[in-house]
Amino acid sequence: MKIISSYSIKGGVGKTALSVNLAYALREAGRRTLLLDLDPQGAASFYFRLESAKKFKMRDANSMAEGLRKNIRESDFPGLDVIPSNLEYRRLDILLDGMTKRRKQLRSILEEFKPDYDVILMDCPPNITLLSENVFRASDVILVPVIPTVLSRRTLEQLTGFFTDEELPGDMLRPFFSMAQKRSKMHREIMADLPTAHPGFLKTVIPFSADVEKMGLHRMPLPAYSPTCAAAVAYRALCAEILSQPSLRP
Amino acid sequence: MQNMTSERLILPVGVGAEFLLDEWSCEIRQQESRLLTFWDTFEWGVWFSGHLLYSCEGVYHLCTREEGWPGIELCEEKSVGRRRFWNEFATPEMRAKLEGMLGLRGLAPVVEGTFRRRQDDLRNGVGKIVCRLEWLIVSLGKQQEELLHSCRVIPLLGYEAEADRLEAYLFQAGAKISGEGPLELLLRQSDRIPREYTLRPPFGLKSETPAREAVGRVVRSMLEIATGTVPGILSDLDTEFLHDYRICLRKIRSVLTLVKEVYPAEETLRMRQILGDLARQTNRLRDLDVYLLARDEYLELLPPGLRPALDEMFDDFSAERGIEVRRVISKLRAHSWSRLMGEIEECFSPKNPHPPSPASALPVGPLVFRCIYKRYRKIRVIATEIGVESSDDAVHQLRIQCKKLRYLMEFFAELIPREEVTALQKLLRRLQSRLGEFNDASVQQQSLLNYWEEKKSGSDVALGLGGLVSILYHRQQQVRSLILQAVKEFCDDATAASFKKVFKQPLSVLTTTPPRSSQS
Chain C
2 MKIISSYSIK
12 GGVGKTALSV
22 NLAYALREAG
32 RRTLLLDLDP
42 QGAASFYFRL
52 ESAKKFKMRD
62 ANSMAEGLRK
72 NIRESDFPGL
82 DVIPSNLEYR
92 RLDILLDGMT
102 KRRKQLRSIL
112 EEFKPDYDVI
122 LMDCPPNITL
132 LSENVFRASD
142 VILVPVIPTV
152 LSRRTLEQLT
162 GFFTDEELPG
172 DMLRPFFSMA
182 QKRSKMHREI
192 MADLPTAHPG
202 FLKTVIPFSA
212 DVEKMGLHRM
222 PLPAYSPTCA
232 AAVAYRALCA
242 EILSQPSLRP
Chain E
417 MQNMTSERLI
427 LPVGVGAEFL
437 LDEWSCEIRQ
447 QESRLLTFWD
457 TFEWGVWFSG
467 HLLYSCEGVY
477 HLCTREEGWP
487 GIELCEEKSV
497 GRRRFWNEFA
507 TPEMRAKLEG
517 MLGLRGLAPV
527 VEGTFRRRQD
537 DLRNGVGKIV
547 CRLEWLIVSL
557 GKQQEELLHS
567 CRVIPLLGYE
577 AEADRLEAYL
587 FQAGAKISGE
597 GPLELLLRQS
607 DRIPREYTLR
617 PPFGLKSETP
627 AREAVGRVVR
637 SMLEIATGTV
647 PGILSDLDTE
657 FLHDYRICLR
667 KIRSVLTLVK
677 EVYPAEETLR
687 MRQILGDLAR
697 QTNRLRDLDV
707 YLLARDEYLE
717 LLPPGLRPAL
727 DEMFDDFSAE
737 RGIEVRRVIS
747 KLRAHSWSRL
757 MGEIEECFSP
767 KNPHPPSPAS
777 ALPVGPLVFR
787 CIYKRYRKIR
797 VIATEIGVES
807 SDDAVHQLRI
817 QCKKLRYLME
827 FFAELIPREE
837 VTALQKLLRR
847 LQSRLGEFND
857 ASVQQQSLLN
867 YWEEKKSGSD
877 VALGLGGLVS
887 ILYHRQQQVR
897 SLILQAVKEF
907 CDDATAASFK
917 KVFKQPLSVL
927 TTTPPRSSQS
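Sequence lines, in order, name chains C and E.
Start counting the first sequence at 2; every next residue gets the next number (our numbering).
Start counting the second sequence at 417; every next residue gets the next number (our numbering).
Hints are supplied without guarantee of correctness; some may be wrong.
[Claimed, not checked] From the structure, some residues in chain E lie toward chain C, with a derived Cβ separation under 7 Å:
| # | residue |
| --- | --- |
| 1 | 444 |
| 2 | 541 |
| 3 | 543 |
| 4 | 545 |
| 5 | 548 |
| 6 | 572 |
| 7 | 709 |
[Said to hold, decoys possible] Simulated restraints on C-beta separations:
| # | chain 1 | residue 1 | chain 2 | residue 2 | range |
| --- | --- | --- | --- | --- | --- |
| 8 | E | 577 | C | 226 | 22 to 30 Å |
| 9 | E | 550 | C | 194 | 35 to 43 Å |
| 10 | C | 184 | E | 438 | 50 to 58 Å |
| 11 | E | 559 | C | 112 | 53 to 61 Å |
| 12 | E | 577 | C | 217 | 25 to 33 Å |
| 13 | C | 204 | E | 577 | 44 to 52 Å |
| 14 | E | 533 | C | 57 | 33 to 41 Å |
| 15 | E | 507 | C | 204 | 37 to 45 Å |
| 16 | E | 490 | C | 204 | 40 to 48 Å |
| 17 | C | 211 | E | 550 | 45 to 53 Å |
| 18 | C | 95 | E | 541 | 30 to 38 Å |
[Stated by the list, open to error] Not close to chain E: a few residues of chain C, all C-beta gaps over 10 Å, as computed:
| # | residue |
| --- | --- |
| 19 | 50 |
| 20 | 72 |
| 21 | 173 |
| 22 | 227 |
Keep in mind the hints are simulated off the structure, nothing from the lab.
The beta-carbon is built from N, C-alpha and C at its ideal position, and this holds for glycine as well.
Based on the sequences and whatever the hints tell you, model everything.
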């Protein structure tokens with residue numbers, strides 16, 4: 002089982018679109034996939050027409066694992082299950098803080114799901130908290146959507162800096178360009194420049210697309226209602242790129 | 417990620433997906449209709465192994481049988497033509513699975529049914545799928561009339577409560593938990609009920625049953641089985657119909673000989689003659705079947721270079737078999753065959769008022785035990801003369817006596833205390849098996865030499881036959897020492913004491929019972 006996270010410090014960069022569409026593409030590729038919506042906003046859950054997860058007691062790792070398992074919902078797409086978001090997740094930091102090995106608890110909780118899934122994909126909220134640190138230590142790969150803008154570049158640098166400071170393995174960060182617009186000169190320049198500073202950059206570029214925004218109307222992953230649009234094709238290509246790399250392959 | 421399964425619900429007429437639309441949001445999909453042909457052997461080998469084999473649009477599917485429903489598919493195979501025997505399938509998986517289920521039996525279509533399937537999605541208020549609904553309508557053959565209309569409610573993980581609500585709704589509308597599966601219904605509609613097939617059925621005998629009644633029951637049961645094999649012989653579906661037909665005739669002849677004076681002597685003699693005549697009609701065909709079934713075994717005995725030499729012989733056997741099959745079929749269809757079978761039936765009918773005979777009213781238990789014990793003692797006498805130098809004929813005589821003993825113990829098994837004779841039967845089986853191997857090797861050598869005598873084929877064939885005869889001779893000599901060991905075990909003092917303990921009867925048991933005027 003591989004644990005993949007969709008993470009960025011910055012909001013609005015396409016993390017949830019990545020989680021939802023990559024999860025769909027992974028199950029299309031035959032991987033039993035569990036999408037864990039850790040963002041209290043619950044956008045990923047919304048896209049799958051799921052209600053919030055039921056409240057459960059989060060006393061320790063065992064009760065958390067049990068609570069998460071009880072909240073697993075089978076999506077409309079066989080092979081893809083989702084644990085919907087819950088506003089209670091905003092308290093996860095406090096809970097984790099009270100535990101021993103507080104930075105590594107999430108990994109041991111997720112190990113529980115190993116027999117049932119090939120991939121666990123986590124949609125993470127945009128901040129750096131104790132939960133984020135748990136996500137970093139639980140993940141095999143962290144996919145970081147980067148809009149080719151100056152601010153996005155800055156947040157990527159903040160993230161790599163954090164990894165260096167915390168002595169986390171930087172090669173698990175796999176940024177890729179999201180919402181890219183080839184017509185924008187700035188986008189083109191940053192796309193030419195940034196990957197040279199970050200060797201882990203994935204080659205696939207997710208283009209900006211109005212079709213992605215319509216996910217909220219359709220309430221389903223993009224490839225499910227518009228399988229041939231450029232962005233849907235790009236998400237499949239991103240999935241293929243991940244599966245083609247032995248270190249990333251679930 | 418779990419597979420949620422649920423009961424199949426049998427629905428009353430009119431309760432379909434459309435019925436749900438009043439209360440539920442149900443997305444109705446396209447229906448898929450397939451005509452399935454189910455296959456099995458005369459012995460229902462597939463069914464009784466817990467499987468189903470069906471073909472549909474040129475593909476054979478083997479699946480598990482889950483209470484009359486097709487279950488998990490185990491393997492499939494495309495086929496242009498019809499498959500009859502397990503070794504006619506091409507895929508190793510299918511062959512391996514079917515070999516044990518079919519043995520030497522051939523497949524025939526058992527029943528056809530049209531299966532109309534549809535999978536619909538049941539959605540909640542926000543349009544999320546909460547359950548999948550598997551509808552199945554089954555009709556006999558290509559008919560439209562519904563034999564079974566069922567629905568399986570499969571909840572998506574996390575939506576079990578919705579499935580419970582839906583099932584409760586369907587129960588209210590008259591749904592029932594499935595009792596009979598579509599296969600059971602289809603088979604019942606076409607009068608094809610799977611029954612265990614055996615050449616050793618129970619006869620319902622008791623020790624005090626009068627001998628004529630007991631023997632009559634054995635004969636009638638065997639006759640019924642023999643008659644049941646005839647359609648299979650006529651269609652030449654497989655070799656086992658004829659094999660079983662012959663066994664039944666032989667068993668009837670044997671029981672009349674082994675338990676003497678149960679019927680009037682002249683009637684017994686007449687029946688034995690008829691049964692002998694009927695069996696002889698099929699001797700050559702059975703011989704040819706045996707040779708052809710052993711083809712691979714024969715060929716494996718020879719070095720690869722010599723194997724093609726035997727092709728000519730097997731081609732001859734195969735051609736001759738075609739002629740023999742037609743001859744046997746014409747015999748079985750002839751009026752004389754029906755007349756002879758009718759005579760046997762009439763003779764052993766319970767209504768036939770035969771006059772009493774010396775053993776007709778004796779209690780069958782003591783009578784048969786006495787026969788068994790006498791037969792065993794006879795075997796012991798013959799066995800003392802069996803040695804490394806004994807002729808094939810002497811060994812053959814021992815084999816015949818052992819077979820008679822086994823038949824006696826088999827016919828009247830219900831009367832024999834099982835726990836006391838298990839060890840004895842095991843020793844007898846071992847001895848018979850050795851004697852059988854010896855006899856087969858002897859008969860096969862003779863047959864090959866006879867073939868050579870008749871054909872005087874070319875030197876290649878001679879070389880192949882010569883090689884085979886040598887191997888069979890060598891095999892026969894090897895078995896000889898094993899026979900001696902088996903004889904020693906079967907005839908030693910301990911075994912003799914066990915036979916005596918179980919089967920020896922005081923003579924008074926048979927003489928004190930007053931003879932009754934009896935009807936069989």
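Run through the hints listed earlier and report the numbers of any the structure violates, in increasing order. 1, 2, 5, 7, 9, 17, 19 and 20
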